[in-house]
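Trainee: Sequence:
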Amino acid sequence: MIREEECKMYHLENRLKTYSGWPFTEGCVCTPENMAKAGFIHCPTENSPDVAQCFFCYKELEGWEPDDVPEQEHQRHSPACHFIALKKPVEELTLEELMKLQKERQKFLITTYGRLRSRMRMNLGRVVVLAGLSGIVSFSLLVSAIATDHWYILEVNDPNSTVDPGELNSHSGLWRTCEGNACYPLVYPFSTDTSKQPEPVRRLINMFKAVVILLPLSLVLLVFGGICGLVSSLSKSITLLVLTGSYFLLCTLAALSHWNMNSVNAPALCLLEMASSGFINRVLIASQCLLTLSGVSVYIIYSKLAFEIIVQEYGVQRFAHVHIAFGLSMAMAWLSFTMEIVTGSLLLLAAKITGTQQNLEATAGYSLSMEEGP
Numbered sequence: 005m006i007r008e009e010e011c012k013m014y015h016l017e018n019r020l021k022t023y024s025g026w027p028f029t030e031g032c033v034c035t036p037e038n039m040a041k042a043g044f045i046h047c048p049t050e051n052s053p054d055v056a057q058c059f060f061c062y063k064e065l066e067g068w069e070p071d072d073v074p075e076q077e078h079q080r081h082s083p084a085c086h087f088i089a090l091k092k093p094v095e096e097l098t099l100e101e102l103m104k105l106q107k108e109r110q111k112f113l114i115t116t117y118g119r120l121r122s123r124m125r126m127n128l129g130r131v132v133v134l135a136g137l138s139g140i141v142s143f144s145l146l147v148s149a150i151a152t153d154h155w156y157i158l159e160v161n162d163p164n165s166t167v168d169p170g171e172l173n174s175h176s177g178l179w180r181t182c183e184g185n186a187c188y189p190l191v192y193p194f195s196t197d198t199s200k201q202p203e204p205v206r207r208l209i210n211m212f213k214a215v216v217i218l219l220p221l222s223l224v225l226l227v228f229g230g231i232c233g234l235v236s237s238l239s240k241s242i243t244l245l246v247l248t249g250s251y252f253l254l255c256t257l258a259a260l261s262h263w264n265m266n267s268v269n270a271p272a273l274c275l276l277e278m279a280s281s282g283f284i285n286r287v288l289i290a291s292q293c294l295l296t297l298s299g300v301s302v303y304i305i306y307s308k309l310a311f312e313i314i315v316q317e318y319g320v321q322r323f324a325h326v327h328i329a330f331g332l333s334m335a336m337a338w339l340s341f342t343m344e345i346v347t348g349s350l351l352l353l354a355a356k357i358t359g360t361q362q363n364l365e366a367t368a369g370y371s372l373s374m375e376e377g378p
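Be aware that the sequence shown starts at 5, since it is given in our numbering, and climbs by one per residue.
Rather than coming from a laboratory, the hints here were simulated on the basis of the structure. Since the structure is predicted, the reported quantities are computational estimates derived from the model, not experimental observations. We put the beta carbon where it would ideally sit given N, CA and C, even for glycine. Possibly wrong hints are sitting among the right ones.
[Stated by the list, open to error] The calculated lysine-lysine pairs, modelled on DSSO-like cross-linking and capped at a C-alpha distance of 30 Å, are: (1) Lys63 - Lys92; (2) Lys41 - Lys21; (3) Lys41 - Lys63; (4) Lys92 - Lys240; (5) Lys92 - Lys41; (6) Lys63 - Lys91; (7) Lys91 - Lys41; (8) Lys240 - Lys308; (9) Lys63 - Lys308; (10) Lys240 - Lys213; (11) Lys63 - Lys12; (12) Lys240 - Lys12; (13) Lys91 - Lys107; (14) Lys21 - Lys63.
[Claimed, not checked] If you anchor each label on the Cβ, the simulated ranges turn out as follows: (15) Glu100 - Glu30: 36 to 46 Å; (16) Arg80 - Gly25: 43 to 53 Å; (17) Met103 - Met126: 46 to 56 Å; (18) Lys356 - Gly319: 57 to 67 Å; (19) Asn185 - Ser148: 14 to 24 Å; (20) Phe311 - Arg130: 44 to 54 Å.
Could you put the whole structure together from the sequences, leaning on the hints where they help?
Mentor: Below is the structure:
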């Protein structure tokens, strides 16, 4: 049996309906009527409004001019097409002849979809490999950022000083600070009694707590996301690929949509209020990218506030020749955040390719069963 929808394009009027928006209507040979008579249907794309392909052999018309005769071009591009070789109209075919013709069409369909499926498998493999590499790069960058001591750099350039500038310069990380040739561990924030500290200092300690929680937790969740990405890629599960890609990506978009472009501290302020109010557990359930973004943002405002407190305590004059900057560790954290976005986007692309591939396989499977049927 032949399904009704499979016979639609055998009729001239149905092929003509596809030519809405066809750019060549007058003054040329390739009018919609002539194109439809030759078996072509209009398959426009965003960049190519004049794409046409045979509904029977699925051969796309290539390298043609508006003055070319459609039937001659069809025979030249696809001489094996049984439709263009018909000696009489489709309406005059017997049921046996029509079924035989449809079986030949199924062969073209299986061949065409087989090529597309192979191409999509290659594309899917490349996308998955790129997603894996970007995830590994993101993980490596975040590990390096957390482990190194070049988050905050302080350089002293006082021409009147008799001390070697190298002895005055310092650079700090999350776990220690280095002055000259010596490094010292930072104060562990969770064991510090803040009850007798002034409000600015308590706020500073709360921010540092948020930083040392968020960034390592982001690292752990990055590993979890990588495992989910590997499982979803091997199983070719669209649902898992979408969930994993969203895990990396969606909270990034949510965070960026609330980002104040005039200040890098906007995400940090919201997180800081949650941390200082005892709701840090709500932050911990946020997704991967939001944790990285928030951790870096909190560190920026933490560094700014720490410098302001020191200046207020010792006076502005002492810091007239002091230059502060963020170093390589901060840059690696931002790059890690960027690669997390790339990873999520690639996983969503892999989900889209997988869905299209599965649809092709289902169509080809049905066509094969039709060919083998009575």
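Trainee: Return holds or violated for the Cβ distance of methionine 103 and methionine 126 against the range 46 to 56 Å.
Mentor: Once the Cβ atoms are compared, 35 Å apart, the range 46 to 56 Å for methionine 126 and methionine 103 is violated.
Trainee: What's the verdict on lysine 240 and lysine 12, does the C-alpha distance respect the 30 Å limit or exceed it?
Mentor: violated, 34 Å
Trainee: Are the Cα positions of lysine 92 and lysine 240 separated by 30 Å at most?
Mentor: violated, 46 Å
Trainee: Given a hinted range of 44 to 54 Å, is it respected by the beta-carbon distance of phenylalanine 311 and arginine 130?
Mentor: Check passed, 46 Å falls within 44 to 54 Å.
Trainee: Hint check: lysine 63 vs lysine 12, CA-CA at most 30 Å. Holds or violated?
Mentor: holds, 18 Å
Trainee: If you draw a straight line from the CA of lysine 63 to the CA of lysine 91, is it 30 Å or shorter?
Mentor: Holds: lysine 63 and lysine 91 sit about 20 Å apart, inside 30 Å.
Trainee: Run the distance test for lysine 41 versus lysine 21: straight-line Cα separation, threshold 30 Å.
Mentor: Distance of about 12 Å is within 30 Å: holds.
Trainee: Please test the hint of 57 to 67 Å on the beta carbon pair from lysine 356 and glycine 319.
Mentor: holds, 60 Å
Trainee: So if I understand the rule, the pair passes when the alpha-carbon distance is 30 Å or less; does lysine 240 with lysine 308 pass?
Mentor: Violated. Lysine 240 to lysine 308 sits at ~46 Å, over the 30 Å cutoff.
Trainee: Going straight from one Cα to the other, do lysine 91 and lysine 107 come out at no more than 30 Å?
Mentor: Answer holds: lysine 91 to lysine 107 is near 18 Å, not above 30 Å.
Trainee: Does the Cβ-Cβ separation between asparagine 185 and serine 148 fall within 14 to 24 Å?
Mentor: Once the Cβ atoms are compared, 22 Å apart, the range 14 to 24 Å for serine 148 and asparagine 185 holds.
Trainee: Going straight from one Cα to the other, do lysine 92 and lysine 41 come out at no more than 30 Å?
Mentor: holds, 12 Å
Hint compliance for this structure: hints 4, 8, 9, 10, 12, 16 and 17 are broken, all remaining hints hold.
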